[in-house]
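Chains as they are written, first to last, in the numbering used here: chain V, 1 to 524; chain D, 1 to 273.
Since the hints were made in silico from the structure, they are not lab data. Please note that the accuracy of each hint is not assured.
[Said to hold, decoys possible] What follows is a set of in silico ranges between Cβ atoms, one per label pair, in the way DEER data are often shown:
id: 1; chain 1: D; residue 1: K135; chain 2: V; residue 2: L191; range: 45 to 53 Å
id: 2; chain 1: D; residue 1: S143; chain 2: V; residue 2: F198; range: 54 to 62 Å
id: 3; chain 1: D; residue 1: M87; chain 2: V; residue 2: L42; range: 33 to 41 Å
id: 4; chain 1: V; residue 1: V226; chain 2: D; residue 2: G128; range: 55 to 63 Å
id: 5; chain 1: V; residue 1: Q434; chain 2: D; residue 2: G158; range: 55 to 63 Å
id: 6; chain 1: D; residue 1: I203; chain 2: V; residue 2: T123; range: 49 to 57 Å
id: 7; chain 1: D; residue 1: A196; chain 2: V; residue 2: A227; range: 19 to 27 Å
id: 8; chain 1: V; residue 1: L42; chain 2: D; residue 2: S78; range: 52 to 60 Å
[As the list claims (entries may be wrong)] Which stretches of chain D does chain V cover? Using the computed rule of at least three CB atoms under 8 Å from a CB of chain V, they are:
id: 9; region: 122-131
id: 10; region: 160-168
A virtual CB, placed ideally from N, CA and C, is assigned to each residue, including glycine.
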Amino acid sequence: MSFWHFLLQNWSELLEHLREHLSLVFISTLIAVAIGIPTGVLLTRRKSLRSSVLGIANVMQTIPSLALFGFLIPIPFIGGIGARTAIVALVLYSLLPIIRNTVTGILGVDPNVREAAVAMGMTGSQVLWQVELPLAMSVIITGVRVALVIAIGVATIAAAVGAGGLGVFIFRGIRQFDNNLLLAGAVPAALLALLSDFLLGLVERRFATDVRKTKRSRSRRRALAVAAIVVVVAAFAFFGWRQVEKSLGKSPASDVTGARVVVGSKDFTESAILAEIVSQLLEARGVAVERRFELGGNLPHDALVGGQIDVYPEYTGTSYTAILKHSPITDPRAVYQQVKQEYADKFKVVVSEPLGFENTFAILVRGAEARRLNLKTISDAAPYAPKWRAGFGQDFMSRADGYPGFSKAYGLKFADQPREMDLSLTYLALSSKQVDLIAGNSTEGRIAALDLFQLQDDRHYFPPYEAVYLTRQDSLARVPTLAESLGKLAGAISTEEMRQLNYEVDANKRGQAEVVREWIKKKF
Amino acid sequence: MLTSASRTGKLLAKMSAAVNNPLVEFRDVSFSHAAATRPVISHLSFKVHEGETLVLLGESGCGKTTTLKLINRLFLPSAGEVRVEGMATTDWDPIRLRRRTGYVIQEGGLFPHFTVARNIGLVPSLEGWDQERTKQRVDELLSLVGLEPLEFAGRYPGELSGGQRQRVGVARALAAEPPLLLLDEPFGALDPLTRASLQSEFIELTRRLEKTAVFVTHDVREALLLGSHIGLMHKGELLQLETPEEFRRSKNELALAYLETLKLSEDGAEVSA
């Protein structure tokens, strides 16, 4: 499928994400300007504060954006998942250039001019508003320009906290290994950055006073600048307003039954598919569903416990080791019972019946390699490890049942320290011989598509990872249809079915909603 | 109805008032910056009466600009008292004082983002004059300083020559009809021809408008030309305060040195002529 074809097909979704992106950027830049310029002005008046405040703003900007989101999520009121967290992070990133340029711009005003203003009998605020700010304006706008471009870039990461935006395409593109999706996110984001930079550049030149202006160019420039401001404000206002309208407006379904469920998912295809399945079943029963899919790391758990989502798909092994911090055990029944008991006690969360398939770590090598060396089990491969390079997702590297225990259990030593990368990129890295061994998911649709071979876990190192839904107790009480829908899914999905669903989305590049709709039709 | 006698009486009273109540008076004024050890000016006492033009003459760093800034309260004295219109500057509301004091600095200190008209009309508009009156005043002042209002009102300072900017600077200082003008080397950065013509226009202007002015310069020729009185300053002290005629006959070493430079350049002029 060509990129243009793809764009045409996904036009409305693209517009939706563009709108989310614009409103994130617009709101956060507006807030950053409202905080940053007064702060900058204050710093020109209070020399003693200057270095410390600029230092703090500087440090803010050096925090990696994903880490910043991580810090913000547990903080009440400004944290959590969704647009609010993203806006807080974007504001923090945008502050430094705005504050710094306000300070630089005002301190850069010709001292003679400032003195003349005071000597003319201007009051302090008249000097500020009529002389200092207008003369510093082009420098300040440069700061806003920088902040805006940063915000447009960082806002792509906002998708990881469920705030939407063009990053949704980018994350999905990386995960599904789909260049069209990647480009659909990256190209508009880049164009948006260039366009806003250009438009604000026009505004900035309007305020430049050091160049000798002639009357003609002045009026033309003014017209251009006014046009630029109008275009930007109109675009943001339009998109922003639609966003506000949307968030204010209630979905008709919720008016009928009064029920509304927020469904979350982790940031990989299978989790999103499972979340989509429960969403569609609920919608079929007239329940309004808000989708908060593709949340990174432990976010879905935090969001569930924090009450920001009602339900999300999880794996018993993950809950057992990563959330409850137990050492891995191999008995599926024991793991399930333990998780069910502890989740009810600790989190007031209900663990559903297992869905019928396991998604365990799959230790994968290239099919050609496995055939050439006649590899069947992980133990078979261990002797070759010293000549191999391994690539693992961040998750596998850090979790209790991940790399450290795994390498010890099989006595594995690799040529280099394993490369840590995004899980969905490891499949591609393996098939293109960047690495020689990875830890993927056993239900990954691309295993067959890329001719990868799963080595058998002959020492039974990995604990069982049965798929389940985790639901808040109060959500089940509030929405009776929820328990009913989840009950239908007990034991309903086999490993083969799951692999097929994944394959349809990942390899055949089909929309997950459509794939899920077909599956439900066939199944129920 | 006023009789001619009472009129004369009033005039006399006004004159004596002017003599007894100087417009600007320094009473044993010293000033030093917070961190500095050496005072910028020390024990300065002098009076400026209505209609006088006092020129403060001295090399850079002698404290003449500081003296000027003490008058419109850009600085406050560390010791002693500066009185303007009979009231100590510490008692003046600084904003009121400055709006009653025209201030001209080198290159005019014009606001580059304001048109010429807005620069000149600044104090009137701060004072709440209505637009029509301000505009009339601006046109009047532009004509007064020899700039055609229609041509110059809408321009920006960046579009003017140095001499034109200086004229606008003077016009701006005069805008709200302040009784007192302070000028800090206003013609210093101009070429000799422009400077000469602005100097003669300035003489004409102050005579005609009966303005009182304090004028700072390091150019003895300018001092002799413009001043009704010349205050010779050195290292923060006022060495002498005299009329130009007295200055020419002065026996003071520094004054003699200044007069010497005058002679040299005049000799040079005669030789080349």
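Each hint, compared with the structure:
1. Our hint of 45 to 53 Å for D/K135 and V/L191 holds, since their Cβ atoms are close to 48 Å apart.
2. Between D/S143 and V/F198 the CB atoms are about 45 Å apart, so this pair departs from the stated range of 54 to 62 Å.
3. Checked against the hint of 33 to 41 Å, the C-beta distance between D/M87 and V/L42 comes to roughly 34 Å, which is consistent with it.
4. About 30 Å separates the C-beta atoms of V/V226 and D/G128, a value inconsistent with the hinted range of 55 to 63 Å.
5. Taking the beta carbon of each, V/Q434 and D/G158 are about 59 Å apart, inside 55 to 63 Å as hinted.
6. Taking the beta carbon of each, D/I203 and V/T123 are about 34 Å apart, not inside 49 to 57 Å as hinted.
7. Roughly 49 Å separates the CB atoms of D/A196 and V/A227, a value that falls outside the hinted 19 to 27 Å.
8. At about 29 Å, the beta-carbon gap between V/L42 and D/S78 misses the expected band of 52 to 60 Å.
9. Three residues within the 8 Å Cβ limit are the bar, and the region 122-131 of chain D against chain V gives 3, so the coverage statement holds.
10. Counting residues of the region 160-168 of chain D whose CB lies closer than 8 Å to any CB of chain V gives 0, which falls below the minimum of 3, so the coverage claim is violated.
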